[in-house]
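Protein chains: 2
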Amino acid sequence: MSILVVGSIALDSVETSFGKVDDSPGGSALYFSAAASFYCPVNVVGVVGSDFDATHLSFLKKRAVNFDGLYVDSGETFRWGGRYHVDLNKRDTLFTFLNVFENFQPVIPRQYQDLEYVFLANIDPDLQLKVLDQIRKPGLVVLDTMNFWISGKLARLKEVIRRTNILILNDEETMELSGIPNLILAIKEIASWGPQALVVKKGQHGALLYHNDRFFFAPAYPLAKVVDPTGAGDSFAGGFLGYIAREGNLEDSTLRKAIIAGSTIASFTVEDFSFKKLIQLTPERLEERYAMFKDLTSF
Amino acid sequence: MSILVVGSIALDSVETSFGKVDDSPGGSALYFSAAASFYCPVNVVGVVGSDFDATHLSFLKKRAVNFDGLYVDSGETFRWGGRYHVDLNKRDTLFTFLNVFENFQPVIPRQYQDLEYVFLANIDPDLQLKVLDQIRKPGLVVLDTMNFWISGKLARLKEVIRRTNILILNDEETMELSGIPNLILAIKEIASWGPQALVVKKGQHGALLYHNDRFFFAPAYPLAKVVDPTGAGDSFAGGFLGYIAREGNLEDSTLRKAIIAGSTIASFTVEDFSFKKLIQLTPERLEERYAMFKDLTSF
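Residue numbers (this note's numbering), protein chains in the order written: chain Z, 199 to 497; chain L, 199 to 497.
There may be inaccurate statements among the hints.
Each pair may be met inside one copy or between any two copies, as identical chains are not told apart.
Straight-line Cα separation of at most 30 Å, DSS-like style, residue types lysine-lysine; simulated pairs [said to hold, decoys possible]: (1) Lys-386 / Lys-218; (2) Lys-386 / Lys-328; (3) Lys-288 / Lys-423; (4) Lys-386 / Lys-423; (5) Lys-455 / Lys-386; (6) Lys-455 / Lys-259; (7) Lys-335 / Lys-356; (8) Lys-423 / Lys-218; (9) Lys-260 / Lys-455; (10) Lys-386 / Lys-492; (11) Lys-492 / Lys-455; (12) Lys-356 / Lys-423; (13) Lys-288 / Lys-474; (14) Lys-474 / Lys-386; (15) Lys-455 / Lys-423; (16) Lys-356 / Lys-218; (17) Lys-492 / Lys-335; (18) Lys-260 / Lys-474.
Hints listed in this document are in silico derivations from the structure and should not be mistaken for laboratory results. Fair warning: this is a prediction, and the values are worked out from it, not measured in the lab.
Isolated chain Z, as found in the complex:
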């Protein structure tokens, strides 16, 4: 099974206590694809400017990531700049230039309109709805969003959620979206709006799955060195949905393993800047770390 992902493609300038990079490839659609492509083919819909160096995508093309839905507009590529604190949970955004992304209207190529697995990365809910309207028979819709849309476009976001099978949020967003300060109650409330499952990302504290009225908890992999957290969430989502698409079912045990797959990939992403680690990563190394989660949690 292959996946459709609609999201951002960016050039990121990132500074952490381990160094800095300028205009490095990034964005939700690329981080998602880099992760998901370990499990199944991925089809990207997004936009870049005429300044975007196509060789940034070479490693993804080799891994069955298809870019027929990549539009090149005149103008500059979306750029984001951020500086992380020594406490990597905190960061300052230095700049956000939407550039060609500002007027992005996702057009799903005909050959993608029959795809069943859809990942709506964190973009404007209006655009997310437009994507869904172009899919003939969405089988599994996975949605990511952020506090910006929760506070700014709540009604439209709720429309997307009603058409979503699995919603991915972080813990703060979950409580903000539901208006409930207890995470567990907040999750149950949002699940009552329609999604079959919720995944709550807690960064260094792991991830929580709610499905079939059961909770599953996965820790983050214990890393002695986190170089750059950028892309952790999107590569988590990529490993998660990639695993599900490969297995082709929504059984609880599949979703649980998919959470571990996502956690595993994300643990590699943050070990270096941009895609440096994911470019080197092999399926064998991925499998090896996946297996270590058993040791990390069994008692």
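Following the hints, position chain L against chain Z.
This is chain L only, laid out in the frame that chain Z set:
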């Protein structure tokens, strides 16, 4: 096997969004004992003032908690007052009156001096050293401390740590004590000072065990209602060491199950004020929730 615990006995006044209590029994020695006594006999060394109502201890006495080491001084009992925010991870201390605790000098009754399992609750490292000097052949010393002693009495605290088998800290304290901002490296650094194992409490995010160069991660039980977090850490420690003392060995699988035992008890503690929930708790209910941790983490 029975345990010796030396720590505070307090009257707490606590306010949370669910209500408030005044002068309710609390303190590290009592929370620890209430938890550990589900697994083995506990012997308390501590001090109260002449105002302390001995009936507060009745439920503990019924559970084989021995108070031969409880000293009653003229003066008032240690009092603490705090108010938790809606985000229960944040609290303001309203007052701390040490009262009789200010001049507490722990004297270990002769019949306790041969105990092998020792829990040094969070008190002045000078007092913790005095306790250790009175134990003939400590078999397993478990130590709790806090940032106040890390910043104020580091040299003495390190002396205690060198004589400690298992050190319990929270994540911030671990990084502060080691001076290393990465939790995993911080844990390994402190382990190199002597302790065989470290337990890092992460509150609502669970707990991490480091032992024999392996990590084990336990989530916090997903609670829809947390009424009062006071005592969570000490009852966690009580469940943890109680379980170990009952099993009588330090195998990795014992420590892992002990972490789950501690997490289970702590999840009950926070469901009501003071000891309300732990007083009602039965071994059957405890066992039932312990078992649910399997479902929460298996994949």
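Right, here's what the structure says about each hint:
When the C-alpha separation of Lys-386 and Lys-218 is checked against a cutoff of 30 Å, the pair qualifies only between copies, where the shortest distance is 27 Å, while the shortest distance within a copy is 40 Å. In this homomeric assembly, Lys-386 and Lys-328 come within 30 Å of each other (Cα to Cα) only inside a single copy, at 27 Å, whereas the closest approach across copies is 50 Å. Taking the shortest Cα distances, Lys-288 and Lys-423 sit within 30 Å of each other both inside one copy (16 Å) and across copies (28 Å). In the homo-oligomer, the alpha carbons of Lys-386 and Lys-423 lie at most 30 Å apart only across protomers (13 Å), although the nearest pairing inside one protomer, at 35 Å, exceeds that limit.
Taking CA atoms no more than 30 Å apart as the test, Lys-455 paired with Lys-386 passes in both settings, with 21 Å inside one copy and 29 Å between copies. When the C-alpha separation of Lys-455 and Lys-259 is checked against a cutoff of 30 Å, the pair qualifies only within one copy, where the shortest distance is 26 Å, while the shortest distance between copies is 46 Å. In the homo-oligomer, the alpha carbons of Lys-335 and Lys-356 lie at most 30 Å apart inside one protomer (20 Å), although the nearest pairing across protomers, at 64 Å, exceeds that limit. For the homomeric pair Lys-423 and Lys-218, the shortest alpha-carbon distance inside one copy (15 Å) is at most 30 Å, but the shortest distance between copies (43 Å) is not.
Taking identical chains as interchangeable, the C-alpha atoms of Lys-260 and Lys-455 lie at most 30 Å apart only when both belong to the same chain, with a minimum of 26 Å there against 45 Å between chains. With identical chains, the CA atoms of Lys-386 and Lys-492 are at most 30 Å apart both within one copy (27 Å) and between copies (21 Å). For the homomeric pair Lys-492 and Lys-455, the shortest alpha-carbon distances inside one copy (11 Å) and between copies (15 Å) are both at most 30 Å. For a Cα distance limit of 30 Å, the shortest separation of Lys-356 from Lys-423 across copies, 26 Å, qualifies, whereas the shortest one inside one copy, 38 Å, does not.
For the identical chains of this complex, Lys-288 and Lys-474 are intra-copy neighbours only, at 22 Å inside a copy versus 38 Å across copies, given an alpha-carbon limit of 30 Å. Taking the shortest Cα distances, Lys-474 and Lys-386 sit within 30 Å of each other only across copies (27 Å), while inside one copy they are farther apart (38 Å). For the homomeric pair Lys-455 and Lys-423, the shortest alpha-carbon distances inside one copy (25 Å) and between copies (28 Å) are both at most 30 Å. For the homomeric pair Lys-356 and Lys-218, neither the shortest alpha-carbon distance inside one copy (38 Å) nor that between copies (37 Å) is at most 30 Å.
Taking CA atoms no more than 30 Å apart as the test, Lys-492 paired with Lys-335 passes in neither setting, with 36 Å inside one copy and 37 Å between copies. Only within a single protomer do Lys-260 and Lys-474 lie at most 30 Å apart by alpha-carbon distance; the minimum there is 16 Å, versus 61 Å between protomers.
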